[in-house]
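Protein chains in written order, with numbering that gives the first Met the number 0: chain W, 0 to 249; chain H, 0 to 286.
Calculated from the structure, these hints are not laboratory results. Where hints are given, some of them may not hold.
No farther apart than 30 Å at their CA atoms in a straight line, the calculated lysine-lysine pairs in the DSSO-like style are these [unchecked claim]:
no., chain 1, residue 1, chain 2, residue 2
1, H, K241, H, K125
2, W, K113, W, K73
3, H, K241, W, K229
4, W, K23, W, K231
5, W, K231, H, K220
6, H, K100, W, K23
7, H, K125, H, K100
8, W, K73, W, K23
9, H, K60, H, K125
10, H, K199, H, K220
11, W, K229, H, K220
12, H, K125, H, K220
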Amino acid sequence: MNAVEIRDLNVWFGDGASRTDAVKQVSFDVAEGESFGLVGESGSGKSTVLRALAGLIPSWDGSMRVMNEPLGLKRSRQFHKTVQMVFQDPYASLHPRQTVDRVLSEVMHLHGVKDVDTRIEKLLRDVGLGPGFRFRYPHQLSGGQRQRVAIARALAPEPRILLLDEPTSALDVSVQAEILNLLADLREEHGLTYIMVSHDLGVVGHLCSRIAVMQLGELVEVLGVAEMRKLKAQHPYTRHLLDSSIQSVR
Amino acid sequence: MSEQHLLEVDNLWVKFPTRSGIFDAVRGISFSLGRERLGIVGESGSGKSMTGRAVLKLIRKPGFIEADRVEMNGVDVLNASEIRMRQLRGHHASMIMQDPKFSLNPVMTVGQQITEALRAHEKVSKQTARKRAVDMLDAVAIREPERVFDLYPHEVSGGMGQRIMIAMMLIPGPEILIADEPTSALDVSVQLQVLEIMDKLVSDRGMGLIFISHDLNLVSKFCDRIMIMYAGRIVEVCEAGKLHEATHPYTVGLLNSVPDLTHPRPRLEVLQRDPAWREMPSVSALL
Numbered sequence: 000m001n002a003v004e005i006r007d008l009n010v011w012f013g014d015g016a017s018r019t020d021a022v023k024q025v026s027f028d029v030a031e032g033e034s035f036g037l038v039g040e041s042g043s044g045k046s047t048v049l050r051a052l053a054g055l056i057p058s059w060d061g062s063m064r065v066m067n068e069p070l071g072l073k074r075s076r077q078f079h080k081t082v083q084m085v086f087q088d089p090y091a092s093l094h095p096r097q098t099v100d101r102v103l104s105e106v107m108h109l110h111g112v113k114d115v116d117t118r119i120e121k122l123l124r125d126v127g128l129g130p131g132f133r134f135r136y137p138h139q140l141s142g143g144q145r146q147r148v149a150i151a152r153a154l155a156p157e158p159r160i161l162l163l164d165e166p167t168s169a170l171d172v173s174v175q176a177e178i179l180n181l182l183a184d185l186r187e188e189h190g191l192t193y194i195m196v197s198h199d200l201g202v203v204g205h206l207c208s209r210i211a212v213m214q215l216g217e218l219v220e221v222l223g224v225a226e227m228r229k230l231k232a233q234h235p236y237t238r239h240l241l242d243s244s245i246q247s248v249r
Numbered sequence: 000m001s002e003q004h005l006l007e008v009d010n011l012w013v014k015f016p017t018r019s020g021i022f023d024a025v026r027g028i029s030f031s032l033g034r035e036r037l038g039i040v041g042e043s044g045s046g047k048s049m050t051g052r053a054v055l056k057l058i059r060k061p062g063f064i065e066a067d068r069v070e071m072n073g074v075d076v077l078n079a080s081e082i083r084m085r086q087l088r089g090h091h092a093s094m095i096m097q098d099p100k101f102s103l104n105p106v107m108t109v110g111q112q113i114t115e116a117l118r119a120h121e122k123v124s125k126q127t128a129r130k131r132a133v134d135m136l137d138a139v140a141i142r143e144p145e146r147v148f149d150l151y152p153h154e155v156s157g158g159m160g161q162r163i164m165i166a167m168m169l170i171p172g173p174e175i176l177i178a179d180e181p182t183s184a185l186d187v188s189v190q191l192q193v194l195e196i197m198d199k200l201v202s203d204r205g206m207g208l209i210f211i212s213h214d215l216n217l218v219s220k221f222c223d224r225i226m227i228m229y230a231g232r233i234v235e236v237c238e239a240g241k242l243h244e245a246t247h248p249y250t251v252g253l254l255n256s257v258p259d260l261t262h263p264r265p266r267l268e269v270l271q272r273d274p275a276w277r278e279m280p281s282v283s284a285l286l
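Chain W with its partners taken away, still in its complex shape:
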C-alpha cells in the first residue's frame, strides 16, 4: 500500500500579478514503511511540497492521498494523528517558555492519549533522553537534545508517517550523526514512513531508499539510492547536484 500518493500537485503563493508558482505538477508515491527523500536547492519547492502535505499551505490543487484517504483543504484529527512533522530549526520550533513535559503532554491531550505520564517517560527514553530531561526548558538543552524533543513531540500521537524538514541542518556533524542514527532506529522500531527534505545528498543518501530531485518547482527525477551512489543520474541537473556534493566531500 502507498502511504502517500501525490498527483499533479500545484502550490502557489499570492494572487494575480504577484502569483508565484512554487510547485508545479509534482507527482510521486511513497510506499508504506519507505523512506523517501526530496532534494534540491533553496527555492526549488521541496519544503513547500512537505508543508502543503502537512496542511500548512492552503493554496494548492491536484490530489494528495494519505493512507488512501483523499486530503481536502481541512485536515481531520485522524490525519494529524497519522502524519507528524519535524521542523528544521530546533531553536525555533520549541516554545521557549514551556518545559519538555508541557510540550509533549499538550500534543497527547489534543489526541486524547490516556496515561500521559508513562507515555512521556517512554517517549523520552525512545529518543535517547532520560527522565531527567522532562522538566527542562529549551534553553537548558543543546541543539541535538532539542531536536530529540522535537522528534519526541512528533512521535507523541503515534504517527505512521513522519515529515522531516531538514532535521539536521542546524546541527553539528557529530550531533547530526546521532540524530540520523536515532531516526533510523525509530523507523525500524515503529515501522514509520519517512519523507525527508534536505539539501545534503549525503544525509538523504544515508537515510532514504528513493530520492526525488526538484528544481524550480518541478520534480525532475526520481532515482534509487543505489543509482545515486553509482552517480548514475539521467537528468543533467541531478548530475550537477551530485558532482557538487561529491566535490565538497572530497
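Chain W is already provided as a structure; the job is to place chain H on it using the hints.
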C-alpha cells in the same frame, strides 16, 4: 621571523564572567598565520568563532580577552585603542560572517554598503568608489553588477548576499580574511561556487585566510593547514593533505560522523567524548 607572519597569537584566552565564576571560551591557544589558508575546525562551543572574533577584538562585553601577545602586521592588538582597531579592521583584516541575511544592513543598498566600506579606509571620490565597487562585484562573479549595485539585500539570494559580503570585505584590500562559516547558510551547489571565488581572490592577492567551519572535509579542501579545536583548546594541527593521517580520536570521530554518499555505512559513528581531551594541553599552531 615574525615580520613574515601576518598574525601571531600567543596564549590567547577568551573569558566570560558568569554567575558561577569565569567561563573560559578559549583556553590558552597559540597560532600564527602566514600567507596561507588556515582552517579552524570544531563543534559548536569549541571556541573557534571566539578565536576569530578575538583576533579583531570583537568580543562583546562582559567577555574579555587575555593573551601574552596578539600581533597583527607588527601592531600590538591587545593594547591598540578602539580608534586604531577601527583602522585595522577592514584595512588589515576583515571578517565574513555566517549568514548574509543578518550581516548586511537591510535598509542600505548593496552599493552603498560596499562604497561605505571602501571610503572608510581610503579617500576616494564618489565616482571612483562606485566604479571600484562595481568592479569588485564583477570580481565576485555577480552578473549585471551595475543593476545589483542599486538593489537592497532582501532582493538578492543567499549565495549572492554572501558574495556581496566577500566583495565588501575585500574592497579595502585587507591582508587577512577571517571567514566564519561563510557557506553554512548556503546550498551545496552554491557553496562550492562561493568558496572558489573566495579562494581565488585570496590567493590572487596573496592574502592570509582563516577559515572557520565545522565541516572538516570542506576545510581540508580549501585550506593548507588545519587546527582542530575542542573545548577551547587546539587538540591537533595538521596539513590539510594529511588529514586522513590525523591521530587524535576527536578528529577521527569528526571525520567518521559525516554521511558519505559513495561509501554508505549502515550506522554512522557517534563521537564518544573523552573528558581527558578537555584537560590535555593545547597544541601550538605557531609556524
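Hint numbers contradicted by this structure
1, 9 and 12
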